[in-house]
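Guided by the hints, dock chain B onto chain A, whose structure is given.
Protein chains: 2
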Amino acid sequence: MGLLVVGSMALDTIQTPAGSIQEGLGGSATHFSYAASFFSKVRLVAVVGEDFPPRHIALLHSRGIDLQGLSRLPGKTFRWSGSYGADLNDARTLKTELNVFLNFSPELPVALRKSSFVFLANIDPDLQRRVAEQIENPVLVACDTMNYWIESKLQSLRNTLRQVDLLFVNEGEARQLTGESNLYRATRALSSMGPSILIVKRGTHGAVLFHDRRFFWAPAYPVLRVKDPTGAGDTFAGGFLGYLSRRKAVTASRLRRAVIYGSIMASFCVEDFSLNRLKRVTPAAIDKRYRTFRDLTRF
Amino acid sequence: MGLLVVGSMALDTIQTPAGSIQEGLGGSATHFSYAASFFSKVRLVAVVGEDFPPRHIALLHSRGIDLQGLSRLPGKTFRWSGSYGADLNDARTLKTELNVFLNFSPELPVALRKSSFVFLANIDPDLQRRVAEQIENPVLVACDTMNYWIESKLQSLRNTLRQVDLLFVNEGEARQLTGESNLYRATRALSSMGPSILIVKRGTHGAVLFHDRRFFWAPAYPVLRVKDPTGAGDTFAGGFLGYLSRRKAVTASRLRRAVIYGSIMASFCVEDFSLNRLKRVTPAAIDKRYRTFRDLTRF
Numbered sequence: 001m002g003l004l005v006v007g008s009m010a011l012d013t014i015q016t017p018a019g020s021i022q023e024g025l026g027g028s029a030t031h032f033s034y035a036a037s038f039f040s041k042v043r044l045v046a047v048v049g050e051d052f053p054p055r056h057i058a059l060l061h062s063r064g065i066d067l068q069g070l071s072r073l074p075g076k077t078f079r080w081s082g083s084y085g086a087d088l089n090d091a092r093t094l095k096t097e098l099n100v101f102l103n104f105s106p107e108l109p110v111a112l113r114k115s116s117f118v119f120l121a122n123i124d125p126d127l128q129r130r131v132a133e134q135i136e137n138p139v140l141v142a143c144d145t146m147n148y149w150i151e152s153k154l155q156s157l158r159n160t161l162r163q164v165d166l167l168f169v170n171e172g173e174a175r176q177l178t179g180e181s182n183l184y185r186a187t188r189a190l191s192s193m194g195p196s197i198l199i200v201k202r203g204t205h206g207a208v209l210f211h212d213r214r215f216f217w218a219p220a221y222p223v224l225r226v227k228d229p230t231g232a233g234d235t236f237a238g239g240f241l242g243y244l245s246r247r248k249a250v251t252a253s254r255l256r257r258a259v260i261y262g263s264i265m266a267s268f269c270v271e272d273f274s275l276n277r278l279k280r281v282t283p284a285a286i287d288k289r290y291r292t293f294r295d296l297t298r299f
Numbered sequence: 001m002g003l004l005v006v007g008s009m010a011l012d013t014i015q016t017p018a019g020s021i022q023e024g025l026g027g028s029a030t031h032f033s034y035a036a037s038f039f040s041k042v043r044l045v046a047v048v049g050e051d052f053p054p055r056h057i058a059l060l061h062s063r064g065i066d067l068q069g070l071s072r073l074p075g076k077t078f079r080w081s082g083s084y085g086a087d088l089n090d091a092r093t094l095k096t097e098l099n100v101f102l103n104f105s106p107e108l109p110v111a112l113r114k115s116s117f118v119f120l121a122n123i124d125p126d127l128q129r130r131v132a133e134q135i136e137n138p139v140l141v142a143c144d145t146m147n148y149w150i151e152s153k154l155q156s157l158r159n160t161l162r163q164v165d166l167l168f169v170n171e172g173e174a175r176q177l178t179g180e181s182n183l184y185r186a187t188r189a190l191s192s193m194g195p196s197i198l199i200v201k202r203g204t205h206g207a208v209l210f211h212d213r214r215f216f217w218a219p220a221y222p223v224l225r226v227k228d229p230t231g232a233g234d235t236f237a238g239g240f241l242g243y244l245s246r247r248k249a250v251t252a253s254r255l256r257r258a259v260i261y262g263s264i265m266a267s268f269c270v271e272d273f274s275l276n277r278l279k280r281v282t283p284a285a286i287d288k289r290y291r292t293f294r295d296l297t298r299f
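Residue numbers (the numbering used here), protein chains in the order written: chain A, 1 to 299; chain B, 1 to 299.
Just so you know, not all the hints are guaranteed correct.
Copies of the same chain look alike in the list, so a pair counts if it fits in one copy or across any two.
[Stated by the list, open to error] Once the Cα atoms are required to be at most 25 Å apart in a straight line, the calculated SDA-like pairs of lysine to any residue come out as:
no., residue 1, residue 2
1, K114, G172
2, K248, F299
3, K288, R185
4, K288, S253
5, K114, G85
6, K153, N276
7, K288, A252
8, K288, Y184
Derived from the structure by calculation, the hints contain no laboratory data.
Keep in mind that this is a model prediction, so the values were computed, not measured.
Just chain A, same shape as in the assembly:
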């Protein structure tokens, strides 16, 4: 068993209408693993520089996250800086300093190759494939991507899609990858490219799951004040795969509940900067939002 994530750890400097943060703990692997840790044991593969604050490592360690795949290399940690406008939808990137992340080429420690569930966060699709090929008999391999790879490495991304079971994608990316403007047609087209399970993330409009020719439509939790949407997608994936990886059986009903848990964790994420809100989350708070989701959709 075991849930593996391969992705980034970063120091984020972010401005939103609700405030700002300087060099806060961020990165796809960070957000994913923190969210997933509420549900299962996570193994993290990532790289940080010499300047990475030890308290961040201690924080992940405190959540029981397995850090044997975390490398600390000479140089500086990956830094990202961005800002959001009033609608809080799309981030405007102000600066990206890849630093030690530039030469990230994950070789998995032997113990991590027997992971049942794998999340390939948004990195170069060639790297995603290299990781996937090191896993022995996984139950489910999921990946994320972004418009940058669709535009710059489409063929490589297509090769990756043929090797994964699940793709997390947003509406714009789904349309861009398939040329279909209708979301449902785009989703079906994506499933013919490889992944048998599709999760279309729609931000404040919820998420759609496509699996076994059926759609499932999950709302977003009604968050009354979004402070910072950074990391919401990876946090969603963490809640989703954290829940799903508790059992080997990937059933339709478990996939649906996993979407709800992903949505719940993402709703906490956006309520504050970095992991600030998630740090205060309790299992009881997760259960309470789960009941709210039931009430939101019941008719």
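Leaving out everything else, chain B in the frame of chain A:
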């Protein structure tokens, strides 16, 4: 009992990426009453000109719609012409010829003043109020509006809102009316302006109901090919109020089911121009989509 609608009847000329139609049957009262006729007896109050094709009247009559409130006046029928781009969201108005609709001032026939449920379609808020004041002891008065009235007659619209029980609104209008960018805060702010029931229509993202401090989130039916979204909002309102008006009791669970029936009727509407798809709808087809909605949201 009885469900009354006051609104427009029009001849629409529309271009979408899927095709076009010349002077097709349209208008808010038309779409509303046709959709509602699947659920209950509808009384229509509207005006047409001398050039209005009798076959359109015959069509509404064939659905059992009470047309005693339909006036035929000297002059031409209201015409609207618009086009949609690839994303099929916002219509671009090419031409509006109000014609006989310009002096529409509905005096309700006495028999119609005892209507239990009322839909005030998107007309001048002063007219909406004049209609509302003629109704004797209604169970529920609902209204629609648009950005045009928010910009040109805000105070009058606010007066109308104080007199209605339910407002149909889209996301942009909700934000514009309240100055709140967060949809949930905007919805709560709207309910403090008068209507105790809010329906926020989100197009392909479904609809949100707010009532008694609780949110209900309905998906949109996964329509694989949208031909023309014109009239979808009024068709939604028609399905909603058609279902709701079958009983005097307006309960939380009936409101939720009404949202689903509204969504179902709107999903048929957008699959073809004018009423072309709705004309082929059967009760069995409605039931089938209802089951799909259950499956779409169940977890």
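Hint check:
1. K114 x G172: neither (34 Å within a copy, 50 Å between copies)
2. K248 x F299: Close across copies (19 Å), not inside one copy (31 Å); limit 25 Å.
3. K288 x R185: Between copies, since 20 Å is at most 25 Å while 35 Å is not.
4. K288 x S253: both (20 Å within a copy, 21 Å between copies)
5. K114 x G85: neither (43 Å within a copy, 50 Å between copies)
6. K153 x N276: For K153 and N276, neither the intra-copy (35 Å) nor the inter-copy (44 Å) Cα distance is at most 25 Å.
7. K288 x A252: So K288 and A252 pass the 25 Å test inside a copy (23 Å) and across (21 Å) alike.
8. K288 x Y184: For K288 and Y184, only the inter-copy Cα distance (19 Å) is at most 25 Å; the intra-copy one is 31 Å.
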